[in-house]
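Whole structure, please, built from the sequences with the hints as guidance.
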Amino acid sequence: MSIENLVVGWTAEDGAVNRVGTVTLLGGAQIQSFTYDRDWLATGFPIGEGLPLAPGPQAPADGTSTFGVLDDAGPDAWGRQVISRSRPLAEISTSLGMLAAVADESRQGALRFAADPDAGWTTTGDVAPLEELAALEADVAALVRGEADAAAVRRIYLGSSSQGGARPKTALRRPDGSLVMAKFPWEQDAYDVEACEAVALAVAEDAGLEVPPFRLERLDAGRSVLLVDRFDRTTRGRLGYQSMRTAAALGPFEPMTYRLAADTARFVAGSSAVHGVVGAAALAICVHNIDDHARNLGFVRRAGTWRLAPLFDLVPFPKEQTGTPIDGASPDRSLEQLLDTDWGVARSDVIRLVTRVAQTARGAWERAPRATGLDPEIAALMGRVVEDACDFGTVLDGTEPRFES
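Just so it is clear: in the sequence shown, position 39 is 39 by the UniProt record's numbering, and no numbers are missing.
Simulated from the structure, these hints should not be mistaken for laboratory data. All values derive from a computational prediction rather than experimental measurement. Some hints could be false.
Label pairs and their computed distance ranges (CB to CB) [as the list claims (entries may be wrong)]:
no.: 1; residue 1: G56; residue 2: A190; range: 49 to 59 angstroms
no.: 2; residue 1: G27; residue 2: D126; range: 34 to 44 angstroms
no.: 3; residue 1: Q321; residue 2: E217; range: 41 to 51 angstroms
no.: 4; residue 1: P46; residue 2: A329; range: 24 to 34 angstroms
no.: 5; residue 1: D206; residue 2: E320; range: 23 to 33 angstroms
no.: 6; residue 1: D388; residue 2: A29; range: 45 to 55 angstroms
no.: 7; residue 1: D340; residue 2: T94; range: 38 to 48 angstroms
no.: 8; residue 1: D327; residue 2: E210; range: 20 to 30 angstroms
no.: 9; residue 1: A54; residue 2: R218; range: 50 to 60 angstroms
no.: 10; residue 1: R367; residue 2: P46; range: 42 to 52 angstroms
Ideal Cβ positions, reconstructed from N, Cα and C, are used throughout, including at glycine.
Now the structure itself:
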């Protein structure tokens with residue numbers, strides 16, 4: 001039976017859950033309508049872009065059928081694949097059915113959903129403990145091959161149904177109760193994607209950009225599992241989350257640019273967040289991350305304000321393709337273009353930030369085999385691609401900044 005109404009809740013940082021409102025599907029058009037509860041209108045805040053704190057029913061903007069911030073709490077490609085293996089089609093045939101099908105313990109962000117407010121928040125069961133990582137890796141590999149049994153699908157589902165992107169991943173619980181996301185290899189991977197992402201995260205961290213705590217677990221000579229702390233959780237509660245796509249009010253097929261991301265970050269989180277966007281752009285260029293789309297940047301709500309989320313899903317790619325452009329004038333991107341752009345913050349800050357990222361990134365692939373166990377041939381290939389794709393000479397002369405700050 002399809003779901004046409006859901007009560008929406010919000011989990012605070014201290015773990016308290018408050019009712020926010022109700023989302024409903026309107027007729028055969030399957031368009032969502034959202035209404036804030038009276039108590040939330042009196043004491044709450046807008047839960048995301050496109051849902052201002054106002055009485056009465058609200059519809060999605062610009063002719064879309066769903067609210068972006070609710071989509072951010074739902075499944076992406078990997079989560080949909082997992083849910084489709086664990087739920088009858090009739091239950092997940094609508095957008096609200098998909099939202100309700102997500103396992104509550106591992107859902108991204110602070111939003112909660114209930115078909116029956118008296119029965120508690122949708123789905124029950126905890127994610128697997130971290131010590132079962134090896135068994136979960138085998139379960140995930142079996143699911144990708146189409147060979148997972150019902151028990152394996154259930155174990156995967158509890159931690160995977162809200163995890164974004166298309167690659168296999170699942171949430172696991174540490175002994176201290178915190179959540180960590182395990183990112184697994186794909187059998188068809190031509191290179192060690194997770195080790196390469198660990199390199200990119202290390203570059204970001206060493207350059208002073210905010211990333212979640214992470215560590216790499218090597219499975220064998222060519223495969224790794226990347227463990228990344230969930231940044232949307234506190235010791236007792238959860239943090240709200242909205243993607244850059246939601247915050248910028250982008251349509252389903254509307255591309256992002258870093259200029260748009262910076263303007264959005266300034267509006268949502270203040271001028272300090274612009275530095276984070278510029279750093280993300282510099283990093284994407286310097287490590288050749290082309291998976292830097294609008295769902296892979298976002299904002300978390302902490303202490304009553306929205307802040308740019310730590311960087312995540314940094315996937316270096318060993319082929320010469322382009323990712324998110326600096327602006328809409330050209331699909332190409334370069335450090336020179338990054339430096340020539342007026343970001344609305346001090347140019348000296350931009351020069352220092354871009355130079356620091358470039359200095360940290362250059363030579364990262366030479367260090368990667370020793371630091372991560374990455375195959376030296378893959379590391380050399382990545383190094384060549386990055387050198388070809390990234391105009392380090394724009395900001396570096398050897399190892400020194402070319403521009404004065």
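Verification of the supplied hints:
At about 53 angstroms, the beta-carbon gap between G56 and A190 stays in the expected band of 49 to 59 angstroms. For G27 and D126, the Cβ-Cβ distance of about 37 angstroms falls inside the hinted range of 34 to 44 angstroms, so the restraint holds. Against the hinted window of 41 to 51 angstroms, the Cβ-Cβ separation of Q321 and E217 comes to about 28 angstroms, which falls outside the hint. In this structure, P46 and A329 meet the distance hint of 24 to 34 angstroms, their C-beta atoms being roughly 32 angstroms apart.
About 25 angstroms separates the C-beta atoms of D206 and E320, a value consistent with the hinted range of 23 to 33 angstroms. Hint check: D388 to A29, Cβ distance near 49 angstroms, so the stated range 45 to 55 angstroms holds. Checked against the hint of 38 to 48 angstroms, the pair D340 and T94 passes, with Cβ atoms roughly 47 angstroms apart. At roughly 24 angstroms, the beta-carbon separation of D327 and E210 lies within the given 20 to 30 angstroms, and the hint holds.
Here the CB-CB span from A54 to R218 is close to 52 angstroms, well matched to the stated 50 to 60 angstroms. Distance hint check: the CB atoms of R367 and P46 are about 44 angstroms apart, consistent with the given range 42 to 52 angstroms.
Figure legend: structure checked against the earlier numbered hints; the only hint not met is number 3.
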